[in-house]
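Protein chains in written order, with this note's numbering: chain A, 1 to 142; chain B, 143 to 542.
Rather than coming from a laboratory, the hints here were simulated on the basis of the structure. It is possible that part of the hints are untrue.
One side only, chain A facing chain B, incomplete, derived with CB under 10 Å [to be verified]:
#1 Lys113
#2 Ser115
#3 Arg121
We put the beta carbon where it would ideally sit given N, CA and C, even for glycine.
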Amino acid sequence: MQELIQTLKNLPLMLTAKPATAEQIIRTQQDLKINNIAPIPHDFTELLHQFNTAEFDGCYLFGINPRSYHLDIFAENEMLNLPDKENVLILGYDEFDYLAYNHSKQCYQIIDKDSLEVVQRCSDLINAIKYLFKIENDEQYL
Amino acid sequence: MKENTPPGIELNLGKELAYIIVLPKALDAISQKQRRRIKSNASILYEKLLGLKNSLDDLFITTSKKNTEEYQYQLYKKIITEKLILNIASGKTSEIKQNIEQIMKEENLRFIEREESQISAEEKFLIKTDFQGLSHYPSQEQFSPVFQRYIKTQNKNENKHTLSPHNYNLEEIPAWKYFKQFPSFVERSQIFKLALAEFNIHKQDIKNLNSYDLIALLKNYSIKHKLPPFENSKMKFIKFFIKHHEQELRNYYQVNKLVIIQAYRNKGLNFNFDENPNAYQDFVERSISQMKEFGYVPPLFNIHHKYPVKDCKSEKNLSLANAPSNLCLILQSPYHQMMHLFDTNILGKTIFNRKVKRLELPQELIFFGGFDKNFQIYHKPKEEYRETILTFIKQKKQRN
Numbered sequence: 001m002q003e004l005i006q007t008l009k010n011l012p013l014m015l016t017a018k019p020a021t022a023e024q025i026i027r028t029q030q031d032l033k034i035n036n037i038a039p040i041p042h043d044f045t046e047l048l049h050q051f052n053t054a055e056f057d058g059c060y061l062f063g064i065n066p067r068s069y070h071l072d073i074f075a076e077n078e079m080l081n082l083p084d085k086e087n088v089l090i091l092g093y094d095e096f097d098y099l100a101y102n103h104s105k106q107c108y109q110i111i112d113k114d115s116l117e118v119v120q121r122c123s124d125l126i127n128a129i130k131y132l133f134k135i136e137n138d139e140q141y142l
Numbered sequence: 143m144k145e146n147t148p149p150g151i152e153l154n155l156g157k158e159l160a161y162i163i164v165l166p167k168a169l170d171a172i173s174q175k176q177r178r179r180i181k182s183n184a185s186i187l188y189e190k191l192l193g194l195k196n197s198l199d200d201l202f203i204t205t206s207k208k209n210t211e212e213y214q215y216q217l218y219k220k221i222i223t224e225k226l227i228l229n230i231a232s233g234k235t236s237e238i239k240q241n242i243e244q245i246m247k248e249e250n251l252r253f254i255e256r257e258e259s260q261i262s263a264e265e266k267f268l269i270k271t272d273f274q275g276l277s278h279y280p281s282q283e284q285f286s287p288v289f290q291r292y293i294k295t296q297n298k299n300e301n302k303h304t305l306s307p308h309n310y311n312l313e314e315i316p317a318w319k320y321f322k323q324f325p326s327f328v329e330r331s332q333i334f335k336l337a338l339a340e341f342n343i344h345k346q347d348i349k350n351l352n353s354y355d356l357i358a359l360l361k362n363y364s365i366k367h368k369l370p371p372f373e374n375s376k377m378k379f380i381k382f383f384i385k386h387h388e389q390e391l392r393n394y395y396q397v398n399k400l401v402i403i404q405a406y407r408n409k410g411l412n413f414n415f416d417e418n419p420n421a422y423q424d425f426v427e428r429s430i431s432q433m434k435e436f437g438y439v440p441p442l443f444n445i446h447h448k449y450p451v452k453d454c455k456s457e458k459n460l461s462l463a464n465a466p467s468n469l470c471l472i473l474q475s476p477y478h479q480m481m482h483l484f485d486t487n488i489l490g491k492t493i494f495n496r497k498v499k500r501l502e503l504p505q506e507l508i509f510f511g512g513f514d515k516n517f518q519i520y521h522k523p524k525e526e527y528r529e530t531i532l533t534f535i536k537q538k539k540q541r542n
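All chains, please: the whole structure from these sequences, using the hints.
Set out below in structure tokens:
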């Protein structure tokens with residue numbers, strides 16, 4: 001995770017906010033619960049303590065933003081109001097897809113914005129964020 | 143673009159449109175007792191809207207003289223903006239829809255009904271890849287059964303026959319009919335053949351390969367042979383834009399310094415322009431240099447597809463979805479969000495429950511930094527061509 005955070009911080013002109021406090025995270029989890037929206041997964045809350053919201057090259061990662069609804073996990077999910085929001089939490093997006101966490105499948109997913117179909121399952125948060133920010137996977141697969 | 147235009151109207155209209163994205167939802171939530179945080183947001187936004195409404199009078203009085211065309215325009219804008227604010231405040235969503243349309247119409251932006259002609263998942267995947275590049279492999283479930291069999295046997299060295307790249311005719315692959323619509327893939331025809339040969343794909347099996355298989359082969363081959371990175375349409379567009387419109391963008395940054403700084407603050411971003419007097423100029427210079435060198439989208443902006451990707455089914459040319467004439471560099475918040483205000487997903491739902499209605503932007507509009515014409519940039523290739531010809535003739539005359 002530290003390696004990923006460093007990679008993200010090194011991206012040119014990466015915009016990020018101050019790390020979230022424990023109080024802010026607890027408050028957001030409560031708001032999500034009250035509004036029947038899925039909670040923030042544990043590893044993502046760990047990330048928020050160090051790296052809160054990100055914007056780079058047309059790709060956006062949500063976090064906690066007390067100033068406005070921009071990139072705020074709770075406000076953005078409330079506005080999107082997607083089906084299955086009790087189970088699937090949206091954590092970011094690019095021009096075509098959402099990054100989401102599916103609690104019943106216990107995995108991060110890339111979901112097409114129009115069809116809402118899962119186009120990719122990510123093994124963990126690190127791979128999900130790499131996918132969102134187009135950080136090259138240089139491993140030979142085949 | 144004028145250098146000294148005060149951003150008065152711009153700030154107000156921009157804010158107001160940002161609020162309309164949130165407010166109908168927020169007001170709806172007030173009626174539901176348990177929605178604690180949404181309720182408090184709604185009151186804050188309502189206060190802001192009232193402030194905006196009051197500020198309209200000053201805006202109106204100071205910007206134009208009576209009985210002029212400009213005066214009539216401002217008056218009309220004031221009336222419909224006031225109506226919008228009142229309707230938002232009272233939660234009348236059907237009226238809000240009409241008000242927004244009126245405002246858009248006044249700004250020469252048209253809403254158009256489109257007959258939905260959805261593209262297939264494979265077609266969309268190729269548009270995405272052409273736009274974003276080859277950063278990741280498709281997921282395994284997307285591969286064809288034939289290709290999955292090849293992957294299994296590849297590791298066991300069971301594919302021992304070897305074909306020359308020349309033996310492959312890409313036209314025999316059904317998915318190639320999509321690929322050949324993209325110049326970026328056509329340029330790589332030979333690499334596709336080399337990848338097929340290296341993977342020992344039987345000639346008779348290529349007719350069963352799908353688009354995901356071909357992209358996986360291309361990516362794998364590119365990594366293995368350390369080929370130069372795939373320059374995607376997004377990068378090409380940004381480089382194209384900055385090559386032709388650098389000065390206009392610089393003027394925009396100069397005139398809209400306050401708007402940009404406010405956008406930073408709204409996002410709670412960890413960057414303090416107040417402490418360092420050169421910070422803003424450094425930010426502008428770094429944004430422009432990253433655009434030139436790497437084709438990165440500048441911070442706070444995004445690229446908008448004018449003709450929506452999901453509706454761009456064309457028998458002839460899928461790549462038009464990513465052509466510069468279909469792309470527009472736009473401030474993400476509130477304008478890009480606003481452009482997608484009426485988007486529908488598979489359920490046909492939007493926040494206003496409206497179906498297939500899109501904002502129509504002019505083909506020549508390449509940059510949208512606000513409703514004011516001074517904050518927009520148009521790319522006019524015909525004029526550019528004419529200027530080039532005139533310069534050429536002038537130079538020739540001088541030489542003679």
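Evaluated hints:
no.	hint	result
1	Lys113	7 Å, holds
2	Ser115	5 Å, holds
3	Arg121	6 Å, holds
No hint from the list above goes unmet by this structure.
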